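Sequences and hints are given; from them, build the entire structure.
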Amino acid sequence: MSRVFVPLVLAAMVLFASAPLVVAGAPFEQTMGLVQKIFYYHVPSAMLMFVSAFVCGIASAVYLFRRSAAADRVAVAAGELVVLFGLIVLVTGPLWARKAWGVWWEWDARLTSSLLLWMIYLAYLLVRRFGGPGSEKLAGAMALFGMANVPFVYVSVNYWRTLHPKTSVVMTLAPGMRAAFWFCVAAFAILYVLLLTLRKRLEDRQATVEQLYLATED
Amino acid sequence: MRQFLRVAWVVMRKDLTVEMRSREIVYTTVFFAASCVLVFAFALVREGRPLEDASAGILWISIAFAGTLGLGRTFERERHTETLRALMLAPSDRPAIYVGKLLGILVLMAIVEAVLVPLIGLLFHAPIFARPHWLVALLAAGTLGFASVGTLFAAMLVRARSRDVLLPVLLYPITIPVIIAGVRGTAAIFQATPDEPMARFWAALLVFFDVVFVTLSLWTFEPLMTE
Chain A
9 MSRVFVPLVL
19 AAMVLFASAP
29 LVVAGAPFEQ
39 TMGLVQKIFY
49 YHVPSAMLMF
59 VSAFVCGIAS
69 AVYLFRRSAA
79 ADRVAVAAGE
89 LVVLFGLIVL
99 VTGPLWARKA
109 WGVWWEWDAR
119 LTSSLLLWMI
129 YLAYLLVRRF
139 GGPGSEKLAG
149 AMALFGMANV
159 PFVYVSVNYW
169 RTLHPKTSVV
179 MTLAPGMRAA
189 FWFCVAAFAI
199 LYVLLLTLRK
209 RLEDRQATVE
219 QLYLATED
Chain B
5 MRQFLRVAWV
15 VMRKDLTVEM
25 RSREIVYTTV
35 FFAASCVLVF
45 AFALVREGRP
55 LEDASAGILW
65 ISIAFAGTLG
75 LGRTFERERH
85 TETLRALMLA
95 PSDRPAIYVG
105 KLLGILVLMA
115 IVEAVLVPLI
125 GLLFHAPIFA
135 RPHWLVALLA
145 AGTLGFASVG
155 TLFAAMLVRA
165 RSRDVLLPVL
175 LYPITIPVII
185 AGVRGTAAIF
195 QATPDEPMAR
205 FWAALLVFFD
215 VVFVTLSLWT
225 FEPLMTE
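Top line first, the protein sequences correspond to chains A and B.
Under our numbering, read the first sequence as residues 9 to 226, first letter to last.
Under our numbering, read the second sequence as residues 5 to 231, first letter to last.
Honestly, the hints are just simulated from the structure, not real lab data.
Quick caveat: nothing in here was measured; it's all calculated off a predicted structure.
One or more of the hints may lead you astray.
Said to hold, decoys possible - Sample of chain B residues facing chain A (criterion: CB under 8 Å; computed from the structure): (1) Val49; (2) Gly52; (3) Val153; (4) Leu156; (5) Arg163; (6) Ala164; (7) Leu170; (8) Leu174; (9) Ile178; (10) Thr224; (11) Pro227.
As the list claims (entries may be wrong) - Per the computed footprint, the stretches of chain B lying under chain A, defined by three or more beta-carbons under 8 Å from a beta-carbon of chain A, are: (12) 80-86; (13) 179-186.
As the list claims (entries may be wrong) - Here are some chain B residues pointing at chain A (derived, C-beta under 7 Å): (14) Arg135; (15) Met160; (16) Ser166; (17) Val173; (18) Leu220; (19) Leu228.
Glycine residues also receive a C-beta, built at the ideal position from the N, C-alpha and C atoms.
Have a look at this one:
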């Protein structure tokens, strides 16, 4: 992992440094104008939030059934990243909604389900932090149930009504916008992989320190 | 299979026998649920008239609150007397113990609902006899969904610190689909002209939720409860 780590850091730095230029260079949307630019940060974050939720759920399932401590460490890293990227989504979304819909928050299907998913993983982190000894398993079950819950949240909330732009908008972007959009997706994806590996490595180190500590105590 | 059902039955009977002797959880939970309804009544009744369409929401919120309380108390009793460990040491299937505990909770919640539903009908003028079979179906499916996740989490939380706070923190985000489906389905049959297709849709969603989460709970109970 360490061999590709430095090139990844460099790639992320180059991508994020040039992202504002690419986003500024993309054509303006007719009705929204400048406000539409937030889309280049909002949608990639939302994509990675969902990816991360599944990474966390699957890693937790592996931890519970195979008792692999490494999988648990991946799950912690992914769980924290769900909350981080979810925060980006929940901050950039209302900023756009204020301009587009005239209100900060609307009880729309996609907004509500994102908020609920974010809350499930916030609860996951709360259990890990305050559950005391043995809370890893409890948190693992929370992540697994949270992942299984995604379709239910989606269907139940979707039956209200939907204001949010359809996800198919991504496939029908104007050519100039499309390039900028996928550029940002790539930048965020690399950032995600970097953060995940860094956080996992920190957990690994902590586990090693703990083991050494226990060894010297004996 | 017969062994499995027998263990589940014995665990449930044990819980109900203990409860029958003291009646502590039933009395306190029913009283709590009724006071929930009253609190909502004070918040939502204006000039002597209840808010239209509020009764379904109040019913399900009271069920969720009272259910959380009942779950917490049931497992607190096991923790207090150190009997959960004894149950786990018993040479039987772990999932059977889960099913036994779940049945006990379901009986408790059914008693609470038997008091709550007439109370809502009385205080909020809800037409509880408009479509009784759909109301019972929604309540049964919703309660099973809520209790299946709740029993698993409450059992795991027995060993955790700050378990009182963590149970609702974990349980509510996961059971939001149950609340949405329960409230919307019940509201559909409480309308002036009951909307049966709508109630059927939400009941189907609840049944689907039950199937997924009961299966997941049975599947994860064993690894989760092993130290």
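Those earlier numbered hints the structure runs against, lowest number first | 1, 2, 12 and 14
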